[in-house]
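Chain residues, written in single-letter form:
Protein chains: 2
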Amino acid sequence: MKAFGVFLFLLCLDWCAAHAEQPQLRVNGQRIVRRLEALSEYGKNPQGGVSRVAYTEADRAGRQYVMGLMRDAGLEVSIDTAGNLVGNRTGSHAALKPIVIGSHIDSVPEGGNYDGDVGSLGAIEVAHILNERRVPMRHPLQVIIFENEEGVMLGSTAIARGVDAARLNSISQSGKIVSDGIKFLGGDPNRLTESKRQPGSIAAYIELHIEQGAVLEQQHVQIGVVEGIVGILDCEVTVEGVANHAGTTPMNQRHDALLAAARFVEKLNQLVISIPGRQVGTVGWIKAQPGAYNVVPGKVTLGMELRDLDARKIKGLFEQIRTEADEIGRMNGTNFHFDSDDLSAPALTDKHLQTLIGQSAKGLGLSTRLMPSGAGHDAQEMANLGPIGMIFIPSVGGISHSPKEFSRPGDIENGANVLLESVLGLDRAPAAN
Amino acid sequence: MKAFGVFLFLLCLDWCAAHAEQPQLRVNGQRIVRRLEALSEYGKNPQGGVSRVAYTEADRAGRQYVMGLMRDAGLEVSIDTAGNLVGNRTGSHAALKPIVIGSHIDSVPEGGNYDGDVGSLGAIEVAHILNERRVPMRHPLQVIIFENEEGVMLGSTAIARGVDAARLNSISQSGKIVSDGIKFLGGDPNRLTESKRQPGSIAAYIELHIEQGAVLEQQHVQIGVVEGIVGILDCEVTVEGVANHAGTTPMNQRHDALLAAARFVEKLNQLVISIPGRQVGTVGWIKAQPGAYNVVPGKVTLGMELRDLDARKIKGLFEQIRTEADEIGRMNGTNFHFDSDDLSAPALTDKHLQTLIGQSAKGLGLSTRLMPSGAGHDAQEMANLGPIGMIFIPSVGGISHSPKEFSRPGDIENGANVLLESVLGLDRAPAAN
Numbered sequence: 001m002k003a004f005g006v007f008l009f010l011l012c013l014d015w016c017a018a019h020a021e022q023p024q025l026r027v028n029g030q031r032i033v034r035r036l037e038a039l040s041e042y043g044k045n046p047q048g049g050v051s052r053v054a055y056t057e058a059d060r061a062g063r064q065y066v067m068g069l070m071r072d073a074g075l076e077v078s079i080d081t082a083g084n085l086v087g088n089r090t091g092s093h094a095a096l097k098p099i100v101i102g103s104h105i106d107s108v109p110e111g112g113n114y115d116g117d118v119g120s121l122g123a124i125e126v127a128h129i130l131n132e133r134r135v136p137m138r139h140p141l142q143v144i145i146f147e148n149e150e151g152v153m154l155g156s157t158a159i160a161r162g163v164d165a166a167r168l169n170s171i172s173q174s175g176k177i178v179s180d181g182i183k184f185l186g187g188d189p190n191r192l193t194e195s196k197r198q199p200g201s202i203a204a205y206i207e208l209h210i211e212q213g214a215v216l217e218q219q220h221v222q223i224g225v226v227e228g229i230v231g232i233l234d235c236e237v238t239v240e241g242v243a244n245h246a247g248t249t250p251m252n253q254r255h256d257a258l259l260a261a262a263r264f265v266e267k268l269n270q271l272v273i274s275i276p277g278r279q280v281g282t283v284g285w286i287k288a289q290p291g292a293y294n295v296v297p298g299k300v301t302l303g304m305e306l307r308d309l310d311a312r313k314i315k316g317l318f319e320q321i322r323t324e325a326d327e328i329g330r331m332n333g334t335n336f337h338f339d340s341d342d343l344s345a346p347a348l349t350d351k352h353l354q355t356l357i358g359q360s361a362k363g364l365g366l367s368t369r370l371m372p373s374g375a376g377h378d379a380q381e382m383a384n385l386g387p388i389g390m391i392f393i394p395s396v397g398g399i400s401h402s403p404k405e406f407s408r409p410g411d412i413e414n415g416a417n418v419l420l421e422s423v424l425g426l427d428r429a430p431a432a433n
Numbered sequence: 001m002k003a004f005g006v007f008l009f010l011l012c013l014d015w016c017a018a019h020a021e022q023p024q025l026r027v028n029g030q031r032i033v034r035r036l037e038a039l040s041e042y043g044k045n046p047q048g049g050v051s052r053v054a055y056t057e058a059d060r061a062g063r064q065y066v067m068g069l070m071r072d073a074g075l076e077v078s079i080d081t082a083g084n085l086v087g088n089r090t091g092s093h094a095a096l097k098p099i100v101i102g103s104h105i106d107s108v109p110e111g112g113n114y115d116g117d118v119g120s121l122g123a124i125e126v127a128h129i130l131n132e133r134r135v136p137m138r139h140p141l142q143v144i145i146f147e148n149e150e151g152v153m154l155g156s157t158a159i160a161r162g163v164d165a166a167r168l169n170s171i172s173q174s175g176k177i178v179s180d181g182i183k184f185l186g187g188d189p190n191r192l193t194e195s196k197r198q199p200g201s202i203a204a205y206i207e208l209h210i211e212q213g214a215v216l217e218q219q220h221v222q223i224g225v226v227e228g229i230v231g232i233l234d235c236e237v238t239v240e241g242v243a244n245h246a247g248t249t250p251m252n253q254r255h256d257a258l259l260a261a262a263r264f265v266e267k268l269n270q271l272v273i274s275i276p277g278r279q280v281g282t283v284g285w286i287k288a289q290p291g292a293y294n295v296v297p298g299k300v301t302l303g304m305e306l307r308d309l310d311a312r313k314i315k316g317l318f319e320q321i322r323t324e325a326d327e328i329g330r331m332n333g334t335n336f337h338f339d340s341d342d343l344s345a346p347a348l349t350d351k352h353l354q355t356l357i358g359q360s361a362k363g364l365g366l367s368t369r370l371m372p373s374g375a376g377h378d379a380q381e382m383a384n385l386g387p388i389g390m391i392f393i394p395s396v397g398g399i400s401h402s403p404k405e406f407s408r409p410g411d412i413e414n415g416a417n418v419l420l421e422s423v424l425g426l427d428r429a430p431a432a433n
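Chains P and G, in that order, give the protein sequences. Numbers 1 to 433, taken from the numbering used here, label the letters of the first sequence in order. Numbers 1 to 433, taken from the numbering used here, label the letters of the second sequence in order.
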């Protein structure tokens, strides 16, 4: 009878542990915010924000700081040959593939303190709290801080697909050749293939990130469940006309490349908004030559891009744009040339992970919405290895890549808790095997 | 009876001199072309054409050569305090105001061998042939080779209106401060006002020039009788929008400064061609900021200009353009700012001189047409001092300010003969007093 009483007591303890403590498992939001502040010192700009461009001294120093946080979270940390920081936590079922979480800490020049940093420190916090509370997982958990995400996603590409010689020999934004930059961060470009993983080698990759747009804030939604990362077709367009004296050339004898380019910019916009959906199209830069106030421009180059989750839609739009460009050229005797039609394929997130992230958020009482990611992320490379999921939190004013980039502490904590719940949910679900 | 026979003989000689020799008076076209070739050596570019930018060593050396030609033509040559070369030929009626002819020999960087040079060597040839054939004139004849015409018309401004301190202290295209450049050419910037002349102090100014456009060539016309030099309104336009991420900013939330600028370029063109006339409007340069392929442009600056013989038409067009720009700005929440509405006034040529030039050409069997000058010339400054006339000859392909600039030897000879006939006609006409 006494033994039964003890048994009941223990059963009660176990029940309590399972049903009372588990719901209490939450990230330490203040710790993330404190560490965001500490990380912001590495590459801090006098006028605010950071310039922690990949392969610079600020980048390396910031990574040293983050490596310490990873160890503090109980992770077994190493630098892979591509220069990525990899932190491992053992799972109880050694045969299971790892659940991978992470992001990046490099920034654009004069960038902000949230893009990449929130996801990196959020992932480390998830590992930290699991370690602190001694919460076991069946799967191994891996935190990766990818190197050189901005612009090129180099670290994640090395892991997911490998990096070719041309990219290794290219000049990075730091001014260093990429291979020298990898060495600078502690990688080994001669053994780069050792970092490359096989498709199917991960249980999942989940990344927390700031939205970098204003949709969540405007719609008062707390968590964005990312449907996928858009594909991007970007292309340099050249318009060839005839340069001529702006005073002596009658209007009807001009082959004005800038006039044709202006019609192109307007037409691209018209075509992109003419069909339903969330596709975007942009002309971000333009150059008219010779570029004198008194010369009719003879040549214009400009950069255009199209983005959508649906590759066919992008390609269809691009074909329409090319057709219209030819028509515009015919109007004033100019010629359009498009340097490429290369499309970085859209990367769709896993439906199961979308559901899991949505349920995790709802379980925490947070509002959600499905949305595309208009920006590129390491997750799109990791999609080559297994199912991916992404969690967005609001960006105040939709501002990113700017010292004014800001996400509220409460939203950061929410996002990290959704990441934690999603990891634990995935760990329990047989589908993650 | 014998005396009467001698008298008749002398009368006949006189008649012959007046009616036979006079029509034979023609410029030496080969001499002009040979001298154009010789002048092309000063500042010659390896790839063709010249860079004889004002105040450079090439400019000074070229002027030394030309000064020799002026002396060779029997002119009394001096350098005025503004650095202009002034060659004088005495007239039989000392009280008459001088008939002034001339042009410039400085070039744009990588310019051609005809802009300015044809008119300069044509004017010297007129003086040369008059001297060679000992043809007397009632008026003094003055040949002026103006300094630093390209862009700023400095030498002719000094003569016609005076040059203010700001312009004297500005940096010229040579890199030299203008006042240093004037000194370099043998002028004296401290005594600049001595070069300034009074309105009404010249009988006329007539300038021969290449068209720099393609109208004459296309219409198979040999001589252009210039109606006037267009006024120019040039203005820097700034479009302020909001820079944002090209992937994460939905189309309907953009304030795309480049899209607004593109609509502006198209609208300016539409407005300029919407009314009859020969007015021209150009956007010659454009800059989008930040100018990255993946950022919606937040700011665009561009240079626009309008030209016409009618200042009211230019001003009216500019007002319409501003109104439309505001409308374009309202369409996507951008703002247009125009930095100035300064207009360099059109300079009309003298009706009497138009007729004289036209008749001179027709007397030589040449076809003519009235036309505006879309480019600026020293003549527009000289218009402040007295009646002006301009003679255009065809530019092959309408090309100017380029090593490919070319005018045919026959056209150059025609132009110089029209100049000669116009000078002689003016000398005979009482209206020139």
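Quick caveat, the hints were computed from the structure, so don't treat them as lab data. Don't take every hint at face value.
One copy or two, either will do: identical chains are not told apart, so a pair holds if it fits within one copy or between any two.
[What the hints assert, rightly or not] Quick list of in silico lysine to aspartate or glutamate cross-link-like pairs, EDC-like style, CA-CA up to 20 angstroms:
# : residue 1 : residue 2
1 : Lys-183   : Glu-57
2 : Lys-351   : Asp-310
3 : Lys-267   : Glu-324
4 : Lys-362   : Glu-227
5 : Lys-176   : Asp-164
6 : Lys-176   : Glu-324
Owing to the predicted nature of the structure, the values given are computational and were not obtained by experimental measurement.
Results of checking the hints against the structure:
1. Lys-183 x Glu-57: within (13 angstroms within a copy, 53 angstroms between copies)
2. Lys-351 x Asp-310: within (16 angstroms within a copy, 68 angstroms between copies)
3. Lys-267 x Glu-324: Both: 8 angstroms inside a copy, 19 angstroms across copies.
4. Lys-362 x Glu-227: within (17 angstroms within a copy, 79 angstroms between copies)
5. Lys-176 x Asp-164: within (17 angstroms within a copy, 51 angstroms between copies)
6. Lys-176 x Glu-324: neither (41 angstroms within a copy, 48 angstroms between copies)
In summary, the structure is inconsistent with hint 6 from the numbered list given earlier, while agreeing with all the others.
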